Amino acid sequence: MSGSPYAPHTDAETAAMLEAVGVDDEEALFDIPEAVAFDGEFGIDARTERGIRDECARIFGRNADATEFLGRGHYAHYVPSVVDHLSDRAEFLTSYTQYQPEISQGFLQALFEYQSMLVELTGLPVANCSMYDAATALAEAATLADRTRSTSGDVVLVPGHLREGKRAVLDNYCAGADLTVESYPMDDGIADLDALADRVGDDVVMVYAENPTLRGCIEENLAAIGEIADDGDALFTLGSDVVALSVLEEPASVGADVVVGEAGALGLPTAYGMGLGIFACREEHLRQVPGRLVGASEDAAGDRAFTLTLQTREQHIRKERATSNICTNQAWVALRAAIHAAWLGPDGLVDLANDCVREAADLADRIDEVSGAAAPVHDRHHVREFAVRTDQPAAPVAEDLADEGFLVHVVGEHLLQVCVTDLTAGKSDGLVAAFEEVI
Amino acid sequence: MIHDQADYTREEEAVHEPLLSEKGEETVDVREESPLPDDLTREELTLPAPSEPEIARHYTRLSQMNWAIDSGPYPLGSCTMKYNPKFTEDVAADPNAAVHPDRPDRSVQGNLELQYRLQRFLADIGGMDAVTLQPPAGAAGELTGILIAKAYHEHHGNDRSEVVIPASAHGTNFATAATAGYDVVELPSGEDGRVDLEALEAAVGDDTAALMLTNPNTVGLFERDITEIAEIVHDAGGLLYYDGANLNALLGRGRPGDMGFDVMHYNVHKTFATPHGGGGPGAGPVGVTAELADFLPSPRVRETNGERGYERFEPAESIGKVHGFEGNWLVLIKAYAYIARLGDEGLSDAAAKAVLNANYLAERIDLEVPYGPFHHEFAATAGDRGAADVAKRMLDFGVHPPTTKWPEMVPEAMLTEPTEIENRSSLDDLAEAFDLAYADADEALETAPNRTAAARIDQVGAARNPRLSWQALDGE
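Just so you know, the protein sequences line up as chains A and B, in that order.
According to the working numbering, the residues represented by the first sequence are 3 to 441, in order.
According to the working numbering, the residues represented by the second sequence are 535 to 1010, in order.
These aren't lab readings, by the way, just hints derived from the structure by calculation.
Since we're looking at a predicted model, the values are computed, not measured.
All C-beta atoms in this analysis are idealised placements derived from N, C-alpha and C, irrespective of residue type, glycine included.
Careful: at least some of the hints might be erroneous.
[Claimed, not checked] To list a few chain A residues with every Cβ distance to chain B over 10 Å, as calculated:
{"id": "1", "residue": "Gly162"}
{"id": "2", "residue": "Asp205"}
{"id": "3", "residue": "Gly257"}
{"id": "4", "residue": "Thr311"}
{"id": "5", "residue": "Glu406"}
{"id": "6", "residue": "Glu415"}
{"id": "7", "residue": "Gly428"}
{"id": "8", "residue": "Gly432"}
[Claimed, not checked] One-sided and incomplete, this derived list gives chain B residues near chain A with beta-carbon spacing under 7 Å:
{"id": "9", "residue": "Pro569"}
{"id": "10", "residue": "Ser641"}
{"id": "11", "residue": "Gly813"}
If we strip away everything but chain B, and leave its shape as in the complex, we get:
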């Protein structure tokens, strides 16, 4: 399916869409028509003033210069880019759902019911006892979970200052622990790419508040010693935190709660196929065991006693809030619809096909893939071809490349996660793009990409000379 690579050299100039400001700006004298005294207002305001047809063309043009999961494969490891079902958009667009968060409980029973149902779904899927939907993204979920762990320790009079995190973990884990005021203890990976139990024993102690673990981990390996890991952490008095980034590989096959995890977050924009929107909004609900339920953010939603209704309440030892209101509501509705659409069988099958796809693709490509066996993702190494260059060349073959240069435990890593939505021929194309790029001439790799809106972009220059607005471009 992939065409002859010789076709893919840049012959035409890059595609260009002018900035809105370049299509014409207008300056308004604010004080002229203002009902306010001059000293309370600004003098003027200058912004683009395009007509609606111009706006339609501008943003349509921009959309055409953008890759999406609806455009083709998007196998970003640990990002779980799945197809976003269309009907969930219609469900979330219900005007009856779009109400103000300050409504009293009795006038917002519908939203409370859906929140309650989604909490139950997520608790069942994670093997947890209680869930909050408030965190507005995965990293916000991490922070919520760690704040809950902190509140738990403080409540029990334990002064603990450290969070243990495997070196291969997502950077957000480290930043989250620091944001919550913890020192980070980095745990090196064992030779088999998994947690080394001896290293873990040495790392945890009286100061350990929690271990943050992704399972399967970031090279797609299941932490087979999870029961022992949980025991070591719990014996030291710490809590076990589950990073939900890779939950897609476990759906219906294993539950963090059953593995000894005390607290976890869910990435609904990954596992439950809500659109990622070019960088959000996501949502990062957090599940906890019964022991931690009292510390969840406020408000929570519960059934009212006796009647068929729902109410908000503040948990006894609540950490307070992690979002000004109720989180990213429209995203949560889509997650509910997605889970309901799949049901038990669909959820389990999504995991099965995601794992099958990853293993099939790892088998098909010429690049070396260390470690194994894999769940839903694998880290191939581009070696001296360079992951970044191979990735840029892959763009020329009509696919989005995998996550590059991470995790560091695999040199020149190409972390690949096809998810369950690709079929065999699509995976074959992806494998061909991998192999063609990997085997291509040095010059082809260095000059790629050629079939994109822009040629290779100078990212060092962008950072060295930051120009972050059209105002900063004036005079250039």
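Next comes chain A alone, as it looks inside the complex:
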């Protein structure tokens, strides 16, 4: 038998195949010059399946047992069991990209339904079937703005409160497109409208806003931001997530040209930051959309069927003139989000989002009552998260809270940020008690 546990050849089979090929041994098939050949000794010891499961369980056991009141753009909600069980069906999990649509109708339909869900949530007619995460989706929106706007400008305007990781990814994509990223100031957790209006001019190709903002505030001036962007002939890109979108203002109704953000808020566990990027846009940008699109068509029998479409935008056909280099995306994660959304239904989605608003308000009120802490720092409506001002320096407070088993963000010298979802709402008493204990 062979050395790889997943190569099924018996010795006899191998011998017969070598004979058919006309060589004495496997080595003769390798066309690698001796000077660069390698002896195969990496020093990696093969383990048993059982051994690896034990090893990894031991390694992951080193992660602290803590309750995470963490968010800042990455949210975990309860994922129903039906998501794991259905998405883990091997016909989904172990399939490839749908290059032969006749034999991939199941996944294509699931992705078509995912796209449709985003069309409903955003009000925009075009949604692709996934990007890597919110950061890469934002970056691709900037390059789309660069390709589609008639202005000669090269500036992308982003909120002063923007997650560092998003900004860093955006900077990387923008550098390649010769775009410059600038931020506009915030006013009490949301966009400073006057400052933004003053800044937008001929040189701006895209205005980006988030709802909720990084501080968890609901952006109150979306339509006005849309008008400012439109007056400057800049693309208006809005960042959000699928749960927030189910109750907050519909992006299309406030003038959004593109919606990016996270759909992984449904269907994914925390997963150490793994994501599912949303990308939706107006019809006029259809041929400039990055990533894959699933479309409806007919088959030879006249029945409705689904296929990857508009592939002439993509790298495998258009090479360096493609709309993006994205190829493999997050298809299976999109499937999971779609199943989760179906399980919730519109009622469940709206309830989940409303609960995120209520829980954030309640928890902020309770932390506000703790002597030495004030919350929420921004006098706004919040979704899931809010900032807390602490009399003591924030970093040691967060460390003390961690010692009590609760994790929160440090976002300033005297500022913490707390995020609550349906997964952590039940632990709020403990967090409030810990706050009382440490400050």
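We have chain A; now place chain B onto it with these hints.
Same frame as chain A, now just chain B:
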């Protein structure tokens, strides 16, 4: 094993599963129960509201209309569709691993340890000095690698504007170079299907930032002149980039680092058998030589001084980030488990059997296979039968066809990569499907496939009249 082809004509209507929206939608008045003022909310939301049993049946039905590596052979050239071991799913499902990325280092030691170990595994396998796990897919890995090369040149005050790419390379290479702001110089293939050294000499110069190379290349040929290629590129001041798409053929037999490559990406969903999930998530870790380590994305993971622990740090000249957080973590765990399961011997043997399988299948089929000798994949030509038609007919014989019409250097190419997971009888079936389809009547080829959920799909019509959501189907 393949039945009489006459059996395979379409007699029944295509299989059909209604859209979720067709099973009933519900409209919710959002403002009615909202704790928010009306001007901050949408008016209503309309989505399907199926029961859980309906959801179970819907997605089970859809899964049954979908081919997968667990269904049968999936010999897509350059895609390396290998069997995905089941136990890696259980390893990745450990709830202790699913933590928030913003945890402080001290409370996420387990994840940091596994990241560190996987970095070491990959560095050893590629012959590289340092590795980042952050890129969330192969193309993202390419972009990361090219951004690292760009940062390196800028750091050394070199203004270089071009990336050289062989014509046969993956389209992502071209798109990646353009995304990073480079002009692409396309390198024609030599007569033997490999890089022509004279053409390479002519293509590289003071403007060359990098050469992106796949080795073995996309018709399965090993670039035997790799040492000379590296010398030409390095002499011109450029860097050599290794596209990891075909690393499966080299496992344990050759390492990009030893061949003179400065930077490379790994496709864990190919080489290391993590499920491709119908189009992702993948992961595209990037390895570099010591000279480039300071430019890797932030954060990296290292051992803490003295203690048995791990910490994140920002490399001195880091390019920043290519993913909002730490990349596709669950996929990376599966890659770790897969590599640990195989070890030295298993990894080398995977390459040996993948190469044996490709050569055996190339020998067995009636179609002409230009070039050679092959490593793990080969491009047969369907000639005037047409690769797309032959592929559709192959579907009727119970296998997934190979990659078609690419690479362009082989006319009507059928790029075939059986990988190591097929045994001889499975390869024999595959060969029979190839031969039956290739020799079939014109009408059979034109009307195939017949045994699939849908008959031949009008792809031109789909592009001409895009209908991308169920909302777009309303009223039809």
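Check: Tell me, which hint numbers fail for this structure?
Finding: Hint 4 alone not satisfied by this model.
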